[in-house]
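Protein sequence lines correspond, in order, to chains C and H.
Start counting the first sequence at 242; every next residue gets the next number (the working numbering).
Start counting the second sequence at 3; every next residue gets the next number (the working numbering).
It is worth saying that the hints were derived from the structure and are not from the lab.
Every residue gets a Cβ at the ideal spot worked out from N, C-alpha and C, and that includes glycine.
A few of these clues could be false.
[To be verified] EDC-like cross-link-like pairs, simulated, lysine to aspartate or glutamate; straight-line CA separation at most 16 Å:
| id | chain 1 | residue 1 | chain 2 | residue 2 |
| --- | --- | --- | --- | --- |
| 1 | H | Lys-114 | C | Asp-244 |
| 2 | H | Lys-90 | C | Glu-445 |
| 3 | H | Lys-80 | C | Glu-445 |
| 4 | C | Lys-364 | C | Glu-322 |
| 5 | H | Lys-113 | C | Asp-244 |
| 6 | C | Lys-245 | H | Glu-203 |
| 7 | H | Lys-186 | H | Glu-5 |
| 8 | C | Lys-335 | C | Asp-349 |
| 9 | C | Lys-335 | C | Asp-352 |
| 10 | C | Lys-255 | H | Asp-28 |
| 11 | H | Lys-47 | C | Glu-445 |
| 12 | H | Lys-93 | C | Asp-442 |
| 13 | H | Lys-93 | C | Glu-445 |
| 14 | H | Lys-90 | C | Asp-442 |
| 15 | H | Lys-69 | H | Asp-28 |
[Claimed, not checked] Not everything, but these chain C residues come out facing chain H in the computed CB check (under 7 Å):
| id | residue |
| --- | --- |
| 16 | Asp-244 |
| 17 | Phe-248 |
| 18 | Ile-446 |
| 19 | Asn-450 |
| 20 | Gly-451 |
| 21 | Ser-453 |
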Amino acid sequence: MIDKVAFLFAEGLKSFLRNKLTNFLCIITILINFTILGTFFIAGFNTDSLINFFRSKYTFEVFLQEKVDLDQSNAIIKQLESNPVISSIVLIDKDKSADIFLEEFGEDVVDMLGYNPLPMSLKVSLEKSNFDLNKIELLISEIEKYDFVDSIEYRGVYIDNIEDKINLFIFFFLILVIAIVFISIQMISNTVKLSMSNRSDFIEILQYNGASNMFIKIPFFIESILQSIIGSLIAFLLVNYSFIVINSYFNLNIQIDNFLWVWMIGLSLIIGIYASNKAMKRILL
Amino acid sequence: MVEFKNITYNYSSKSGIYNIDLNIQDDEFCFLVGPTGSGKSTLLKLLYFDLFPDKGKVNVLGYSSSKIKNRDIHRARKKIGVIFQDYKLLKQRTVYENIALPLHINGVGRKKISNLVNEALELTELSRYSKKFPNQLSGGEQQRVCIARAIVKNPDIILADEPTGNLDPTAGHRILRILEQINKEGTCVIMATHNYKLIAEKSYRVIELDQGRMVSE
Numbered sequence: 242m243i244d245k246v247a248f249l250f251a252e253g254l255k256s257f258l259r260n261k262l263t264n265f266l267c268i269i270t271i272l273i274n275f276t277i278l279g280t281f282f283i284a285g286f287n288t289d290s291l292i293n294f295f296r297s298k299y300t301f302e303v304f305l306q307e308k309v310d311l312d313q314s315n316a317i318i319k320q321l322e323s324n325p326v327i328s329s330i331v332l333i334d335k336d337k338s339a340d341i342f343l344e345e346f347g348e349d350v351v352d353m354l355g356y357n358p359l360p361m362s363l364k365v366s367l368e369k370s371n372f373d374l375n376k377i378e379l380l381i382s383e384i385e386k387y388d389f390v391d392s393i394e395y396r397g398v399y400i401d402n403i404e405d406k407i408n409l410f411i412f413f414f415l416i417l418v419i420a421i422v423f424i425s426i427q428m429i430s431n432t433v434k435l436s437m438s439n440r441s442d443f444i445e446i447l448q449y450n451g452a453s454n455m456f457i458k459i460p461f462f463i464e465s466i467l468q469s470i471i472g473s474l475i476a477f478l479l480v481n482y483s484f485i486v487i488n489s490y491f492n493l494n495i496q497i498d499n500f501l502w503v504w505m506i507g508l509s510l511i512i513g514i515y516a517s518n519k520a521m522k523r524i525l526l
Numbered sequence: 003m004v005e006f007k008n009i010t011y012n013y014s015s016k017s018g019i020y021n022i023d024l025n026i027q028d029d030e031f032c033f034l035v036g037p038t039g040s041g042k043s044t045l046l047k048l049l050y051f052d053l054f055p056d057k058g059k060v061n062v063l064g065y066s067s068s069k070i071k072n073r074d075i076h077r078a079r080k081k082i083g084v085i086f087q088d089y090k091l092l093k094q095r096t097v098y099e100n101i102a103l104p105l106h107i108n109g110v111g112r113k114k115i116s117n118l119v120n121e122a123l124e125l126t127e128l129s130r131y132s133k134k135f136p137n138q139l140s141g142g143e144q145q146r147v148c149i150a151r152a153i154v155k156n157p158d159i160i161l162a163d164e165p166t167g168n169l170d171p172t173a174g175h176r177i178l179r180i181l182e183q184i185n186k187e188g189t190c191v192i193m194a195t196h197n198y199k200l201i202a203e204k205s206y207r208v209i210e211l212d213q214g215r216m217v218s219e
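The whole structure should be built from the sequences, with the hints applied where relevant.
This is how it looks when you write it as structure tokens:
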């Protein structure tokens with residue numbers, strides 16, 4: 242059994258070394274496809290942190306009416322904090338509002354007007370883990386109905402737009418992944434077909450001497466596995482080191498998944514084995 | 003061992019083999035003779051399940067053409083050694099590697115392969131050519147490599163399709179001598195030929211075909 246396995250492995254390796262041009266072209270195709278795939282995978286991996294970044298910035302501000310005093314506003318905070326969508330509420334009283342005005346416009350509003358017209362407000366931060374824009378909009382419309390509320394300022398629409406664009410990107414990314422997987426399958430499958438037609442004499446001799454289909458297939462599987470591993474490994478190294486260089490050159494913090502190499506090599510192996518099996522099924526009945 | 007039951011196989015409306023009934027015993031040596039296109043090769047192809055009859059049934063070594071599944075054909079072929087007129091050798095492999103191929107297929111260990119291949123090389127008088135490549139050999143020598151490859155796995159039947167077709171008379175006689183020796187050791191040999199001179203002096207069973215029909219036995 243060991244001798245048989247060794248023979249088949251040696252056959253696969255010999256065939257791989259013999260068909261240099263077709264194997265080289267196949268490896269180049271896998272390399273290009275998986276470089277694109279790996280790049281988009283990293284982009285996709287970072288969209289999650291991008292969305293989280295935007296969500297962490299997502300707050301809305303509730304401006305209270307003039308008549309609301311500090312005790313009332315504390316009671317309102319307590320009431321709102323019980324809502325699971327809200328993570329924290331910060332009270333911005335009239336003095337703090339004047340400080341913010343001074344910071345932003347460089348003028349003291351009390352000196353300017355002789356009194357402080359700025360209203361008290363509540364800065365509401367939202368829970369990241371339970372983030373649901375619909376629930377937030379519902380909450381805002383409920384708060385708007387309270388008679389102590391003057392107005393509410395929120396930028397949900399913009400964030401919603403950004404998330405829509407990110408989701409569109411993910412959608413195109415998925416289409417691209419499917420296209421790349423399809424192209425890779427076709428390329429590997431055609432290479433195997435070419436390799437098999439080049440060696441039709443060998444296959445015929447094996448068949449006449451009692452070789453099973455699996456015995457004939459194994460060397461071609463080994464050839465495809467080698468193509469897949471080499472192509473995707475080079476693609477991984479290229480993508481990984483390119484992002485490391487980009488990070489250090491532009492001082493960015495693009496995250497690279499620790500298991501990127503597993504995904505890339507694993508996916509290329511699955512594609513390689515599936516594509517070669519598909520090609521052989523048509524030839525070996 | 004080999005049984006043809008009312009076999010018909012059509013390539014087209016005008017060529018094929020028709021209504022063949024035949025039995026061949028375990029240790030028999032028999033010739034299939036007839037002109038080119040008479041159906042000799044077709045008969046052999048039906049025996050190693052390269053073709054399947056349109057009508058009738060072929061039974062070989064316990065396998066039946068009507069029952070055998072695609073995935074089991076290789077099992078039957080492991081027990082059959084086939085010798086081709088065009089040798090069908092692997093040009094990029096040495097004589098030794100060509101002969102060892104069926105043993106690798108059967109999962110024989112390396113040491114045993116070496117012993118069996120050397121035995122086959124001796125029987126076919128090819129020992130000194132073991133490291134040569136097929137294109138460095140004459141037609142007769144290549145045919146002997148093909149015979150060595152067929153016998154190395156110790157098959158129950160040897161099917162030889164015009165093994166002397168491309169050879170001069172001396173080389174042809176040598177091939178026939180080797181096949182006779184294999185038969186003496188108990189292997190059934192069925193040899194297709196149109197070389198009547200070669201078999202004239204032999205007392206083996208002769209099955210004659212013409213235009214796809216058995217004309218004499």
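Looking back at the hints listed earlier, which ones does the structure fail to meet?
6, 7, 10, 15
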